[in-house]
Each structure stands twice: as structure tokens, then as C-alpha cells.
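Go ahead and model the full structure; you've got the sequences and the hints to work with.
2 protein chains.
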Amino acid sequence: MSSGSDQQDIKREKILEAAYQRFLHYGYSKTTMNEIAGDLSLSKALLYYYFPDKSQLYTAVMRKLAGEYLDKLQNKLNKFTDLKEAFVSQINTQHDFIVKNYNFFDFFRLNEQNLPDTIWEIITEIHQAEMVLLSAAIQLEAEKGRIKPVNNPGEIVDLLLYALHGVRVSAVSHKKVMFPQKEHLDEIHAKRLLLVDIFVKGLMY
Amino acid sequence: MSSGSDQQDIKREKILEAAYQRFLHYGYSKTTMNEIAGDLSLSKALLYYYFPDKSQLYTAVMRKLAGEYLDKLQNKLNKFTDLKEAFVSQINTQHDFIVKNYNFFDFFRLNEQNLPDTIWEIITEIHQAEMVLLSAAIQLEAEKGRIKPVNNPGEIVDLLLYALHGVRVSAVSHKKVMFPQKEHLDEIHAKRLLLVDIFVKGLMY
DNA sequence: TTTTGATAATTTTGTTAAAATAGTCAGTTT
DNA sequence: AAACTGACTATTTTAACAAAATTATCAAAA
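Chains A and B are the protein sequences, given in the same order.
Sequential numbering of the first sequence, starting at 665, is according to the working numbering.
Sequential numbering of the second sequence, starting at 665, is according to the working numbering.
Treat the hints as calculated values from the structure; they're not laboratory data.
This one's a predicted model, so the numbers in the text were calculated from it and none came from an experiment.
Please note: incorrect hints may appear among the correct ones.
Claimed, not checked - Keeping only pairs whose Cα atoms sit at most 20 Å apart, straight-line, the calculated DMTMM-like set for lysine to aspartate or glutamate is:
(1) LYS865/A to GLU847/B
(2) LYS748/B to ASP861/A
(3) LYS865/A to ASP861/B
(4) LYS812/A to ASP861/B
(5) LYS865/B to ASP861/A
(6) LYS678/A to GLU732/A
(7) LYS865/A to ASP746/B
(8) LYS865/A to ASP822/B
(9) LYS865/B to ASP746/A
(10) LYS812/B to GLU732/A
(11) LYS865/B to GLU732/A
(12) LYS748/A to ASP861/B
As the list claims (entries may be wrong) - Which residues of chain B face chain A? A partial, calculated answer using Cβ under 7 Å:
(13) GLN758
(14) LEU823
(15) GLY830
(16) VAL831
(17) LEU858
(18) LEU859
(19) PHE863
(20) GLY866
(21) TYR869
Glycine is no exception: its CB is placed at the ideal position from the N, C-alpha and C atoms.
See the structure below:
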């Protein structure tokens, strides 16, 4: 990382920030490279000096957000006292993250099926980081004897994360896909808390 | 239902069957009304005598399938001995149903976002029927004192069904949407069994 | 009442041209 | 040399249109 000069890193950050604001307000497809350059009073060509193309600029922003998200998650998980608390932290942190950056993910809602591979890589990275953190939490809880011994914590975490992912808004607007509507986020959040509650009890003796 | 003559009903059934075969092999968009008519050596116009339009023909087939699915589910759920068994029945029956009719749902995979309302109505009907059956199972189990008393069984069933719905194939092919790939169905099925196992335990004392 | 051939209406597909935007590069500035 | 730009090219998106395929209708026949 950061093989360039400090000056370069600072400019890179500025571009990232300007791009983030644009993507957050207008989404990927309604943001042009010209506009981002204009916001910074730079030429478009300079953007290409710092980033190979538009999608990799978007990806870089996404990567930054992911880093911030994981940092926050890690901080919270450093001081959990029981497993449920750990899972709840995950849900809450993710909820806040989604709410805050909702419009940024327009890109996801539109492309749905065929997101670029780089995006999937980041999603996978996040998923794996969560796996590590939460698996450790399970392990610890098992060692303390508060839940049944688990031979494969990763499998359990994986299952829970996917189950949580599936918790979408109920019958009325059954028409759900991978990305929920903004109005439903709180309802989803509540359901997830309930699921975690039941799930954790299911892991106990 | 069936306000027409027996003859009419028989013909209707034949059309439904021919349409089902076509949809199963080629999916909705690659099936033309001419082809269905051709399979039965009828004129296309006759299809419109029996069904108002193509999408309602598809819907009628779907409705029939849904009926068969729910019948099977109801039969199994009539003789469950504990709650886990009931949930497992649901998973198994649904799994068989999806495997058998996989190609029929091409329509779903393609349209994804904007399925016609009639389709959503059927999905909602199925969901509600499942809710009734499984809620009753929970109620019964609670009365027998095998799980904690539940003030709102529907909420629990709803949660489980959505959680199960979210159980998709893991990290590698993270690229999943509402409809899983055929090769992954068995893996998903196994995960769902595990989830039900934990979930049911979580409902116990 | 059931069925059809002929025909109308609509949707899909393919073509093209224009506009918008992404992306490149020779050359200038610091 | 590193940071930067204006002018350029390449690619993608959009709109307009015609042709083809398909859905849907209907008057008349069986």
C-alpha cells in the first residue's frame, strides 16, 4: 500500500471523498467523471492519473467504506461479554452502515445480477472478516462453557449470516430482492434481533 | 371454480398440461402460444377461448403446481410428531418441489424484479398457507409444553421462513440472488436442515 | 358451444445515427 | 521526474425507426 508520496496520498483521498459524495447523492450511473473532476476543479484526465477507470474508483471508495465498517465492528467485538451481544453488535453496526450509505448502493440495486468482480471481492472480504470475528466469539463462548462445544464455528456463523441476510420485509411487499427498501430497514433490523435471540438460545445447552 | 362443462374442464386441463411441459422445458419467454396450440393440434385462437392471455395461462399452471405443493405439505404436516419434524417436512417438500420444477421458474430468474402481480399473489398465497400450517404446529407444540409459550406464532414462522429463504450458497459464489443455481440446491437444503435444528432448540426452554 | 383462419395490435429485434461519457496521450507546468 | 491538462479517440447510451415475431381479437364456420 501507499507507494506514492504524501502529497499523492492526500490528493487521492480528496478524490475519494469527492467521488464518495457524488456516488452517495446520485449513484454510480448518474455520476460522471467530469463532475467529480469539476467538484475538485481538476481535469478529468487527472482522475485517470490516480485511478485506472471509473469502476475502480467506485471500488476504491467502497473499499474505504468497508475498512471503516470493519474497524468499527472490530472495536465493538473486542469488548463483548456474551455471544448474543456479539451478534447484536454485528447487526447494529451493519444496520448503521447500510442506513448511512444507503444511496451509495444504488449501484447494487441497479446491477443486481452482474456486479463487477472487484465488488464481489470486497463483499467476500467483508464476509470473511465477519466470519473470523464472529467465529472467534463463538469459540470463546464455547470455551467458557456457555454454549455447546462447536466443532466448526465458521459453519455456524456462515449459516447465521445468510439467515440474517434472508430476513426481509414480510408478505405485503413480498417483492423483495437482494436490496431492501429504505423504509423497511428498521423493520428488518427488529426481525434480525429476534432471530439472533432465538439462534443463540439454540446454541445453548 | 369450474363453472363450465366437464368437456371444457378436460380440455382446459389438457392445455394446462401442454403449457406446463413447454414452460418446464423452455421457460416462459421461449414458449409461444402457437407452439402450445401446435402440441395439441389446436388453433392458437382456442387457447384464448380458454385463457384470457399468456401470462394468465402461465399463472394458471403455477396455481395448479402451488395447489399440488400445498396438498403434499398438508398431508405431511397432518402427522408430525414434533415441531422439528414439521419444519423439516416443509423444507423437504419445498426442496422436492423446486428440484422437480426448476426450469419452470426460469421466468422468475429472468424477470426477477418485476414479476406480474398475479404471480406475487400466488407466492403470497403459498406463504400464507405455510404460515397457517406451521403456526398451528407451533401452537400445538406450545400447548404440549415442549417449547416456550409463544404469543405470536405467525411472527416466529414468518421469521423462520425468511431466514430459510436467505440461506444461500456460501462465499465462493457469493453472487446469489433470489433464485439459486440448480447445482447448489442440495447444499442449501443441508444448511436449512441445520438452521431448523438450531432454531427449534432456540424455541425450547 | 366450440373451433378456426384471417387479421389487428403489440412487443421484440435489429439498424442506424447522434449524443453523452469513458478513457488516452502528447505535451505543458511545476 | 512527477503532477497535471486540453484536445483527441473509443465506447456506451439513447432515440428513432422499420421489420419480424408474437400476442391477441373477431367474424364466421363446424
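Against the structure, the hints come out as follows:
1. LYS865/A to GLU847/B: 32 Å, violated
2. LYS748/B to ASP861/A: Satisfied, since the Cα-Cα distance of roughly 18 Å is no more than 20 Å.
3. LYS865/A to ASP861/B: Roughly 12 Å separates the two Cα atoms, so the pair holds.
4. LYS812/A to ASP861/B: This hinted pair holds, its Cα atoms lying about 14 Å apart.
5. LYS865/B to ASP861/A: Given that 20 Å is the threshold and the Cα spacing comes to 12 Å, the pair holds.
6. LYS678/A to GLU732/A: Answer holds: LYS678/A to GLU732/A is near 17 Å, not above 20 Å.
7. LYS865/A to ASP746/B: Holds - the C-alpha atoms of ASP746/B and LYS865/A are around 19 Å apart, at most 20 Å.
8. LYS865/A to ASP822/B: Holds, because 18 Å separates the two Cα atoms, which is no more than 20 Å.
9. LYS865/B to ASP746/A: OK: LYS865/B and ASP746/A at ~19 Å, within 20 Å.
10. LYS812/B to GLU732/A: Given that 20 Å is the threshold and the Cα spacing comes to 40 Å, the pair is violated.
11. LYS865/B to GLU732/A: With Cα atoms ~36 Å apart, LYS865/B and GLU732/A exceed 20 Å; violated.
12. LYS748/A to ASP861/B: Holds, because 18 Å separates the two Cα atoms, which is no more than 20 Å.
13. GLN758: Cβ of GLN758/B sits 14 Å from chain A, so the hint is violated.
14. LEU823: With a minimum Cβ separation of about 6 Å from chain A (threshold 7 Å), the hint on LEU823/B holds.
15. GLY830: OK, holds: GLY830/B within 7 Å of chain A, min 1 Å.
16. VAL831: This interface hint holds because 5 Å falls under the 7 Å limit.
17. LEU858: Status holds, d = 6 Å.
18. LEU859: Interface hint status for LEU859/B: holds (6 Å vs cutoff 7 Å).
19. PHE863: Since chain A brings a Cβ to about 6 Å from PHE863/B, closer than 7 Å, the hint holds.
20. GLY866: At 3 Å from the nearest chain A Cβ, GLY866/B passes the 7 Å test, so the hint holds.
21. TYR869: This hint is violated: TYR869/B lies away from chain A, its Cβ roughly 10 Å from the closest one there, beyond 7 Å.
Of the hints listed earlier, those the structure fails to meet are numbers 1, 10, 11, 13 and 21, in rising order.
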